[in-house]
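Asks: Sequence:
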Amino acid sequence: MVDVAVIAGSASDGEIVSKATSILEEEGITYDFQVISAHRNPEELTAYVKNSEARVFITVAGLSAALPGVVASLTEKPVIGVPVAAGTLGGLDALLAIVQMPRGIPVACVGIGNGANAAHLAVRILKA
0 MVDVAVIAGS
10 ASDGEIVSKA
20 TSILEEEGIT
30 YDFQVISAHR
40 NPEELTAYVK
50 NSEARVFITV
60 AGLSAALPGV
70 VASLTEKPVI
80 GVPVAAGTLG
90 GLDALLAIVQ
100 MPRGIPVACV
110 GIGNGANAAH
120 LAVRILKA
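With the first letter of the sequence shown counted as 1, position 71 gets the number 70 in numbering that gives the first Met the number 0; the numbers rise by one all the way through.
For the record, the hints were derived by calculation from the structure and aren't laboratory data. The beta-carbon is built from N, C-alpha and C at its ideal position, and this holds for glycine as well. Certain hints may be false.
As the list claims (entries may be wrong) - Per label pair, the in silico range of CB-to-CB distance:
no., residue 1, residue 2, range
1, Ser63, Glu43, 14 to 24 Å
2, Thr87, Glu52, 34 to 44 Å
3, Glu52, Glu26, 10 to 20 Å
Said to hold, decoys possible - Within a straight-line C-alpha distance of at most 30 Å, the following computed BS3-like cross-link-like pairs (lysine-lysine) qualify:
no., residue 1, residue 2
4, Lys49, Lys126
5, Lys126, Lys18
6, Lys76, Lys126
7, Lys49, Lys76
8, Lys49, Lys18
9, Lys76, Lys18
Based on the sequences and whatever the hints tell you, model everything.
Replies: This is the structure we're talking about:
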């Protein structure tokens, strides 16, 4: 069992993921990292989330940033979204997509590209 599941929508999000995982490692928090696109691999994502024993999910996504909301729709566990600066809007589109989840599907959102803060928030959740 791991404490945190870190899911990136694209392998190109690796730099943001590494900022998050380095904080988790420093804090002694166990994690699993997967690259699973909500758009390209919905069945794989559903199976991963439903079968995960992680206590918190960190999701890293750009552009339409569907990943955090999809994960939140599949679990009752806390989900943290990290918007990625991609495309012509510099991540603002992803940030707005993550913070505008429908009622009953909460997702915490950190600043654009701020994987480290996502990890810090996950640590606080785990220690609460």
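Asks: Determine for every hint whether it applies to the structure shown.
Replies: A quick look at each hint next to the structure:
| no. | hint | result |
| --- | --- | --- |
| 1 | Ser63 to Glu43: 14 to 24 Å | holds, 18 Å |
| 2 | Thr87 to Glu52: 34 to 44 Å | holds, 39 Å |
| 3 | Glu52 to Glu26: 10 to 20 Å | holds, 19 Å |
| 4 | Lys49 to Lys126 | holds, 23 Å |
| 5 | Lys126 to Lys18 | holds, 20 Å |
| 6 | Lys76 to Lys126 | holds, 15 Å |
| 7 | Lys49 to Lys76 | holds, 11 Å |
| 8 | Lys49 to Lys18 | holds, 26 Å |
| 9 | Lys76 to Lys18 | holds, 22 Å |
Of the hints listed earlier, there is not a single one the structure fails to meet.
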